[in-house]
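Participant: Let's have the full structure, built from the sequences with the hints guiding it.
Counting in the working numbering, the sequence shown runs from 140 upward without gaps.
What the hints contain is simulated information worked out from the structure, not anything from laboratory work.
A couple of the hints might just be wrong.
Here are the in silico distance ranges between beta carbons for each label pair [said to hold, decoys possible]:
no.: 1; residue 1: Ile229; residue 2: Pro185; range: 22 to 28 Å
no.: 2; residue 1: Ala242; residue 2: Trp209; range: 22 to 28 Å
no.: 3; residue 1: Lys177; residue 2: Phe228; range: 38 to 44 Å
no.: 4; residue 1: Met175; residue 2: Pro247; range: 43 to 49 Å
no.: 5; residue 1: Leu239; residue 2: Ala171; range: 19 to 25 Å
no.: 6; residue 1: Val142; residue 2: Lys177; range: 52 to 58 Å
Each residue gets a CB set at the ideal place from its N, CA and C atoms; glycine is no exception.
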Amino acid sequence: MEVPPRADGIALCSAFVFEAVLIVAGNLLTIAFFAMKKKLRKKSLPLVINMAFADVMLGAVSLPLYIYLWVGPHFNLWSFRASLELSFFICDTIFSQASLISAVFVYPVKDFSQSFGH
Numbered sequence: 140m141e142v143p144p145r146a147d148g149i150a151l152c153s154a155f156v157f158e159a160v161l162i163v164a165g166n167l168l169t170i171a172f173f174a175m176k177k178k179l180r181k182k183s184l185p186l187v188i189n190m191a192f193a194d195v196m197l198g199a200v201s202l203p204l205y206i207y208l209w210v211g212p213h214f215n216l217w218s219f220r221a222s223l224e225l226s227f228f229i230c231d232t233i234f235s236q237a238s239l240i241s242a243v244f245v246y247p248v249k250d251f252s253q254s255f256g257h
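Facilitator: See below:
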């Protein structure tokens with residue numbers, strides 16, 4: 140199997156790192172606004188905070204593990220690869236499911252509250 144160019148791997152890793160930074164920063168801002176503004180503390184917003192926390196964990200744990208375990212070795216950017224696959228699958232499954240479940244519960248609550256003028 141032919142190895143893709145290292146420059147492509149560096150560009151892809153850089154894009155994933157930039158994406159992880161944006162995910163973590165944006166969701167931490169959401170959590171900080173919720174903590175600082177008492178007007179935002181409504182019954183439906185803890186679901187949004189739960190989703191923001193799950194997304195922070197995806198950006199801070201799951202995405203870096205993905206870069207380290209699959210993207211880097213695919214492009215031969217590094218040869219050492221610790222056996223963290225099980226950790227990655229557990230973290231990725233838990234945090235992505237938490238984010239998905241929060242999203243599923245947020246939108247019906249949002250639609251329900253908007254239909255009654257809340």
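Participant: Hint by hint, say whether it matches the structure.
Facilitator: Hints, one by one, checked against the model:
no.	hint	result
1	Ile229 x Pro185: 22 to 28 Å	25 Å, holds
2	Ala242 x Trp209: 22 to 28 Å	25 Å, holds
3	Lys177 x Phe228: 38 to 44 Å	39 Å, holds
4	Met175 x Pro247: 43 to 49 Å	27 Å, violated
5	Leu239 x Ala171: 19 to 25 Å	23 Å, holds
6	Val142 x Lys177: 52 to 58 Å	55 Å, holds
Violated hints amount to a single one, hint 4; each of the other numbered hints is respected by the structure.
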